[in-house]
Amino acid sequence: MTDLPGYPSRRNFLKGSAAGFALTGIAASAEAQTEAPVSLDEYQTEYLNEAEWAFIMAATARLIPSEGDGPGAIETRVPVFIDRQLASDYGTADDWYMEGPHDADAEPNRGWQTPLNPAEVYRQAIPVFDAWCQDTHGAGFAELDEERQDAALTSLSNGDVALAPEVRDFWSLLLSNTKEGYFADPQYGGNAGMQSWVYIGFPGARAAYREWPERHNIEYPLGPVSISGERA
Amino acid sequence: MARTEPKKDVVIVGLGWTGSIAGIELAQEGLDIVALERGHDQNTVPNFEYPQQIDELKYGVRVKMMQKPSQQTLTVRRSGDETALPYRSLGSFLPGNGVGGAGTHWNGLNWRPMPEELRLRSYVTENWGEDIIPEGMTIGDYPVSYDELEPFFTQFEKVAGIAGKAGNLNGEIQEGGNPFEGWRSEEFPMPAHKPTFDSAKFGEAASAMGYHPFTASAGIASTSYTNPYGMQMGPCNFCGFCERFGCYQYSKSSPQTAILGALKQYPNFEYRTNSEVLKIETAPDGQTATGVTYWDEEAQEEVFQPADIVILSSYQLNNVHLMLLSGIGGPVYDPVTGEGVLGKNYAYQMNGGVSMFFEDEQFNPFVGHGANGIALDDFAINQNDFGALGFIGGSYWRSGTFNGQPIRSMRLPSGTPAWGAGWKEGIKKWYGHSMSIGSHGSHMAYANNHLDLDPTYTDRHGRPLMRMTFNWQDNDLRMNQYMKSKMEPLAASMNPDLMQSGFKGPGAQYDVRPYQTTHNTGGHIMSTNAREGSVNRYSQAWDKHNVFVMGAGNFVQNTQYNPTGLVGGLAYHTVNAIRTQYLSNPRPLV
Chain A
0 MTDLPGYPSR
10 RNFLKGSAAG
20 FALTGIAASA
30 EAQTEAPVSL
40 DEYQTEYLNE
50 AEWAFIMAAT
60 ARLIPSEGDG
70 PGAIETRVPV
80 FIDRQLASDY
90 GTADDWYMEG
100 PHDADAEPNR
110 GWQTPLNPAE
120 VYRQAIPVFD
130 AWCQDTHGAG
140 FAELDEERQD
150 AALTSLSNGD
160 VALAPEVRDF
170 WSLLLSNTKE
180 GYFADPQYGG
190 NAGMQSWVYI
200 GFPGARAAYR
210 EWPERHNIEY
220 PLGPVSISGE
230 RA
Chain B
0 MARTEPKKDV
10 VIVGLGWTGS
20 IAGIELAQEG
30 LDIVALERGH
40 DQNTVPNFEY
50 PQQIDELKYG
60 VRVKMMQKPS
70 QQTLTVRRSG
80 DETALPYRSL
90 GSFLPGNGVG
100 GAGTHWNGLN
110 WRPMPEELRL
120 RSYVTENWGE
130 DIIPEGMTIG
140 DYPVSYDELE
150 PFFTQFEKVA
160 GIAGKAGNLN
170 GEIQEGGNPF
180 EGWRSEEFPM
190 PAHKPTFDSA
200 KFGEAASAMG
210 YHPFTASAGI
220 ASTSYTNPYG
230 MQMGPCNFCG
240 FCERFGCYQY
250 SKSSPQTAIL
260 GALKQYPNFE
270 YRTNSEVLKI
280 ETAPDGQTAT
290 GVTYWDEEAQ
300 EEVFQPADIV
310 ILSSYQLNNV
320 HLMLLSGIGG
330 PVYDPVTGEG
340 VLGKNYAYQM
350 NGGVSMFFED
360 EQFNPFVGHG
370 ANGIALDDFA
380 INQNDFGALG
390 FIGGSYWRSG
400 TFNGQPIRSM
410 RLPSGTPAWG
420 AGWKEGIKKW
430 YGHSMSIGSH
440 GSHMAYANNH
450 LDLDPTYTDR
460 HGRPLMRMTF
470 NWQDNDLRMN
480 QYMKSKMEPL
490 AASMNPDLMQ
500 SGFKGPGAQY
510 DVRPYQTTHN
520 TGGHIMSTNA
530 REGSVNRYSQ
540 AWDKHNVFVM
550 GAGNFVQNTQ
560 YNPTGLVGGL
570 AYHTVNAIRT
580 QYLSNPRPLV
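Protein chains in written order, with numbering that gives the first Met the number 0: chain A, 0 to 231; chain B, 0 to 589.
Read the hints as simulated data drawn from the structure, not as lab findings.
Just so it is clear, CB atoms sit at the ideal spot from N, CA and C, and this is done for glycine as well.
One should not assume that every hint holds.
As the list claims (entries may be wrong) - Some, not all, of what chain A presents toward chain B, calculated at C-beta under 7 Å: (1) 62; (2) 63; (3) 96; (4) 102; (5) 209.
Let's have the full structure, built from the sequences with the hints guiding it.
So this is what it looks like as structure tokens:
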């Protein structure tokens with residue numbers, strides 16, 4: 000497997016773990032008759048180009064880091080979720096009213112007013128943010144160390160990175176899509192192994208609690224199931 | 000015009016709650032009926048089946064059960080000084096789509112209005128004088144009273160299958176119910192649900208402060224149940240997927256569970272999906288409608304459907320839009336002169352709440368249903384001294400788990416980082432260890448808040464979009480701040496580790512992005528005469544006597560409750576008038 004440039008050693012270790020998990024999955028799949036996901040390094044993107052993928056890998060790894068208790072965005076394969084969402088009718092805003100004229104500079108509380116769809120916002124904003132990182136921190140985002148990556152994301156979240164009005168929602172899209180990928184059903188490519196549900200204690204698609212309304216202040220004991228019937 | 004269909008006795012525009020009610024009640028009269036539904040067909044099986052329905056991303060976040068703005072939307076501005084911009088992606092409100100409409104994806108919160116809310120202007124004037132009504136507030140009396148509607152509220156509750164405990168049976172206050180509600184002629188069709196941990200805690204704290212908590216009424220079955228049409232419901236298992244979802248187990252009250260299976264048995268009823276009504280057509284004399292023109296998505300052509308009676312039963316926003324496009328419902332309202340009626344008194348809902356965090360207690364937030372909880376009405380419209388408090392309005396409060404889905408319902412203490420290691424620690428520490436109390440408040444009518452046609456933006460058929468002019472007003476914001484001042488001490492009495500409030504305050508501007516509520520009301524309001532509204536007390540258009548307009552667009556101002564109970568009651572009141580007064584002698588009924 001090839002390392003993405005600029006990943007510090009801890010990240011290499013964790014990525015290695017994720018890849019190891021994937022390889023184990025492949026080994027087990029002969030018996031389980033289930034298809035194990037390819038490692039993130041071998042994943043063929045559906046929408047993101049190479050530089051965008053490197054950015055999404057690096058950014059989501061800081062938004063939901065791997066250190067500490069609980070899974071991070073990398074182990075839960077959030078980048079795969081984002082790539083697939085941007086390739087889907089969400090990325091192309093098929094359900095949204097996109098007719099002009101557009102007033103992208105309207106007050107934010109007027110809602111989505113850019114002529115761009117979410118996939119286009121990612122495509123146009125990532126190079127701008129990377130260039131800002133280059134100017135401000137001396138390297139593109141993915142090449143920065145964790146401390147500088149966090150500082151850059153903080154600047155992005157505070158509106159300190161100059162973005163054209165058409166892409167000003169990039170930060171909120173990135174953060175919300177990352178959390179969606181962390182918590183959504185695994186069929187969308189993220190939340191691998193339902194790890195985030197196990198971590199917080201959400202039973203996923205169980206959706207049957209008839210005897211539980213009257214069990215007050217008692218922790219629900221069962222782990223999650225997914226829509227496809229996986230258990231964890 | 001590519002095609003004209005054979006004439007029908009009745010054409011129904013929109014097959015949600017009120018279209019289904021009109022369909023089955025008029026089918027019983029033997030009338031030949033067609034319902035036209037803009038969206039797709041859907042039913043419990045296969046559309047809402049387990050497990051595919053238990054998908055927060057698809058239905059909760061990407062809102063795949065809802066109207067697609069690419070097909071239909073509107074523009075929004077806060078005042079006449081702003082340029083309206085399209086509501087491009089759904090946020091603040093979520094109109095439904097497809098058979099069943101919003102009745103499939105609601106929470107099941109079924110309430111009746113208070114009697115005082117239906118004669119609000121008189122109630123205010125009699126008790127405090129006309130002078131306390133602020134300039135620009137355009138509240139009125141409904142042209143129909145609570146007493147007249149009571150049998151129809153009861154009828155809707157039996158059909159919909161509502162669970163609860165009466166607080167006022169024929170004027171006698173009942174232990175365990177809401178002592179401040181309007182009278183009921185009968186007990187609820189199903190018993191009240193058992194309280195979850197959070198609602199029980201809330202109820203105990205409220206009782207200790209001398210308030211009067213009761214179990215919220217719910218369009219969620221608490222037992223097995225068969226309604227007057229023979230439709231069957233099964234008891235809810237608290238799966239936690241109500242709002243934005245179809246119910247997979249026949250427990251949530253909906254057109255599918257309560258009416259449509261019975262309605263489809265009538266050979267004199269048919270419905271066509273993917274059939275979007277574009278315009279109501281008018282006879283040359285201007286006194287009646289001749290039918291509707293719709294877009295047949297499958298055939299990709301316009302179709303004229305002639306009919307003797309037009310039932311306009313789509314969502315409130317779409318009803319008003321169709322009336323604006325068709326020249327039905329009277330002259331368009333002008334907020335500057337106060338002249339005109341169509342588009343008048345658009346109203347919404349003023350909500351707030353308190354969140355409480357208990358690190359060592361476990362709430363299992365995924366165990367619940369949309370109408371779960373203990374409520375109280377101690378700060379309701381008929382309990383507040385408007386003169387002393389300085390506002391007109393009120394709210395009901397409720398606490399009960401309804402949705403622990405983690406993308407949208409990750410309640411965290413303020414100050415928790417939005418991302419990074421601190422966020423990840425926070426979600427583990429607090430998920431399942433918090434509860435909330437909501438205040439669901441009234442929204443008055445104002446000259447500023449109205450609906451008309453947009454001058455710039457058009458839909459895929461080339462029709463102008465509707466334009467909403469709406470902003471929060473001081474009166475309702477003061478009401479909300481009063482609820483905050485009363486709710487915080489109650490929340491504090493429960494000794495949470497942390498608590499935080501979310502109530503809009505002075506100067507709040509309407510923000511279309513976060514979900515607030517799909518309780519859009521008014522625009523084709525009921526009135527005692529054609530100078531004040533678009534329809535009469537039977538929801539009959541003043542200017543076209545064979546057009547009956549259903550839904551929350553009839554609301555003179557919004558109540559403090561979720562609208563479905565009043566929508567259902569008005570629908571049965573209207574179809575009763577059609578059956579008993581109109582069919583034998585079609586004419587203006589007032």
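The hints, checked one at a time:
| no. | hint | verdict |
| --- | --- | --- |
| 1 | 62 | 5 Å, holds |
| 2 | 63 | 6 Å, holds |
| 3 | 96 | 4 Å, holds |
| 4 | 102 | 6 Å, holds |
| 5 | 209 | 4 Å, holds |
Checked against the numbered hints above, the structure breaks none of them.
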